[in-house]
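*Asks:* Chain residues, written in single-letter form:
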Amino acid sequence: MLKIDNLHARVEDKEILRGLNLEVKPGEVHAIMGPNGSGKSTLSNVLAGRDGYEITAGSVRYLDKDLLEMAPEERAREGVFLAFQYPVEIPGVNNVYLLKAGLNAMRAHRGEEELDAADFLMLVREKMKLMQMDESFLKRGVNEGFSGGEKKRNEILQMLVLEPKLCILDETDSGLDIDALKVVSQGVNASRAADRAIVMITHYQRLLNYVEPDFVHVLYQGRIIKSGDKSLALELEERGYEWVVQEAAA
Amino acid sequence: MNDMASIPFVGEFRQVEGHLPGGAWVTKLREAALARIGEQGFPTRRNEHWKYTDVSALLKAEFIPAPLASMPEAFFQGVQRFELDCHQLVFLNGVFRPNLSSNSLPAGLTVKTLAAAIEEDAEALQPFLARERDSAFAALNTAFMHEGVLIEAAPGTVLEKPLHLVFLSAAHEPQPVVTHPRIIVRAGRAAALRFIESHLGLEGARNFTNVVTDVLAEQGAQVRQLRLIEAAADESHIANIHAELRRDAVFVNHQVCIGGKLVRNDIRVDLVEENASVALNGLVLANGSEHVDNHLDVRHMAPRTQSDQAYRCILDGRARAVFNGRVYIAPRAQKIEANQASNNLLLSKLAEIDTKPELEIYADDVKCSHGATVGQLDENMLFYLRSRGVDADTARSLLIYAFADEIIRRIGIASVRAAVEAAVLGRLPDADSIRHFTMEAS
Ligand SMILES: Nc1ncnc2c1ncn2[C@@H]1O[C@H](COP(=O)(O)OP(=O)(O)OP(=O)(O)O)[C@@H](O)[C@H]1O
Ligand SMILES: [Mg+2]
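Line by line, the protein sequences give chains A and B. Be aware that the first sequence starts at 1, since it is given in the working numbering, and climbs by one per residue. Be aware that the second sequence starts at 1001, since it is given in the working numbering, and climbs by one per residue.
Honestly, I wouldn't trust all of these hints.
One-sided excerpt, in silico: chain A residues whose CB lies under 8 Å from chain B [claimed, not checked]: (1) Val88; (2) Pro91; (3) Leu98; (4) Gly102.
Facing chain A, a subset of chain B residues (Cβ under 8 Å, in silico) [to be verified]: (5) Tyr1384; (6) Leu1385; (7) Arg1386; (8) Ser1387; (9) Phe1403; (10) Asp1405.
FYI, nobody ran anything at the bench for these hints, they're computed from the structure. The structure displayed is predicted, hence computed values, not measured ones. We put the CB at the ideal spot given by N, CA and C, even for glycine.
Whenever a hint applies, use it, and build me the whole structure from the sequences.
*Replies:* Structure representation (structure tokens):
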């Protein structure tokens, strides 16, 4: 589904991704861990198509297309979804409108008809229930005045409504209280499917207790320096990153 | 009066005076206004309050005064465009058209054309007609005033439906038309009324509209005014508005300015008795080389008065806008609350905004805030929307609309708000894809 090959990316003359390789197949769940500043959010932004990154080498194939050639909205319509580490507030654009505009754009792209208002609302209500979000959130501006945890839930709500194929979650678990973490995990688990892949960026083992990954990777200075199964996350939690770094240097 | 002939506009006075309403008292008023213009002339850019707005081209242009112009046929399709559930008065190139206007008015409300009011008893209107105004254009209006409206709400009258004054402007050949509408609104004790002033320029119009409006809100009265100025690209519009508020009175003015070669609005509000309050909201959309200048002047003359100014400009192309917000608080006018916000969105590198607060505070128990922002569309917001599948043009329009909506949503009457939304959307690229979004959230 996703194949990243020797990816190099720079921001304002600073090389941040430095030869990153990663392959993700449908149905898989990957966790990416790594110290602050190692390039995790940069990777997710590059995949989602944010401006301002210069790709100096390497390639990203997604469903056999050149992902880097596509505009952000095309990527979204082809099924790439990024849950942002810091979701932006957009006063005046209401939440339910964004859901509807997004969903209709996806459907049009797939040659499907727009959902009528009643069906759309039913769908959204069902997903909101799963995320334990009050309906009053629909009428508010996108993330406007939402608490940190509410923003993260809203990201997952969007993911549930838009039904992407490749979900990239950038620290969706950060800033969540214990109950919210469970709710968000349920949302993620509900999204697991044979034709869908999930890439979770996280600093904590906690999330991985709820959403079990098939693979765990360590991203360090713009490269994946170690990959393993879920036991790697437990080991990192216990021992930190130092040993992995030394092992990689050896 | 020989040299008077060389002063812009003034030269035509002798040709039209026979068409203008009013007896000897009004004639004296007109002559005095002309003399004033003769002495003081029109503002130049050396005048601090006209620093950014150059009227020299306007003063050089040739216009025919409204009473002498013929009635273009092209008009009548323009009228339906703005059907609202209102009592409606229609003016075509400045001339009142009774057959297009509604005539059933509720009890307690008197509406007369200015000409009729002046012919009947001009001196009764003296406080309005003879008001000192520091403006040559207002004096020009006094000299030439011909058509307009007098609106009077008797004490306690509460008007359900708004009054809609429609000023349509159409191309007139070979010369464009100059009109000087005069609007007088008197709301008696505890009366409440709303009126809408739509100045709509049909395509190709090059006319000049020079409005003067007076509002008097007696104790506990509430007056709500919406000015929608949708000027054609080559039109000019200058307005001088003065409102006086007595104890507990409320005045709300929304101004929506869409385009125009030169638009200049001066709004002065005198809060003369305790607990009067005013809100001035404005939205400016300009493009190309359009120019829109809003000068607000709020004077807190009495204790416990409140004011709120909120203006937003959205500028594209080489458009230029000016916002000057003055707040004056007189000595001994204590316990005042005054807020001002000027927020501006520049969509192109060549667009320009000059925004300036002017605070003069001579009392000490005052809560006052002011803030100005100038910015571009937020890249993070754009990216967020696109990452959810919204195409780039729609995302831009959505954000522009959301910025404008902060002002639009303050308009109380749903049908009027919808009409303003439609007018604003009409100016945005890709309006269709966001139109349904503006309807109340589904
Ligand atoms: N626009 C930018 N300009 C300059 N430096 C940048 C920019 N964006 C990212 N960086 C730098 O790139 C490096 C990687 O940042 P990134 O946000 O990808 O890290 P991260 O792995 O997500 O960290 P965290 O765990 O703290 O979220 C950091 O050193 C950061 O300061
Ligand atoms: Mg990060």
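*Asks:* Taking the least C-beta to C-beta distance, is B:Leu1385 closer than 8 Å to chain A?
*Replies:* holds (7 Å)
*Asks:* Given A:Leu98 as an interface hint, is its Cβ closer than 8 Å to any Cβ of chain B?
*Replies:* holds (6 Å)
*Asks:* Hey, does the A:Val88 contact hint survive, CB to chain B under 8 Å?
*Replies:* holds (5 Å)
*Asks:* Would the hint on B:Asp1405 be counted as holding, given a Cβ-Cβ threshold of 8 Å to chain A?
*Replies:* holds (5 Å)
*Asks:* Was the hint right that A:Pro91 lines chain B, CB cutoff 8 Å?
*Replies:* holds (7 Å)
*Asks:* Per the CB criterion, is B:Phe1403 less than 8 Å away from chain A?
*Replies:* holds (7 Å)
*Asks:* Under the criterion of a CB-CB separation shorter than 8 Å, is B:Tyr1384 in contact with chain A as hinted?
*Replies:* holds (5 Å)
*Asks:* Regarding the hint that B:Arg1386 lies at the interface with chain A, is the smallest CB-CB distance below 8 Å?
*Replies:* holds (4 Å)
*Asks:* Can A:Gly102 be said to touch chain B, with a Cβ gap under 8 Å?
*Replies:* holds (4 Å)
*Asks:* Against chain A, run the beta carbon of B:Ser1387 and see if the smallest gap drops under 8 Å.
*Replies:* holds (5 Å)
The earlier numbered hints are all upheld by this structure, with none contradicted.
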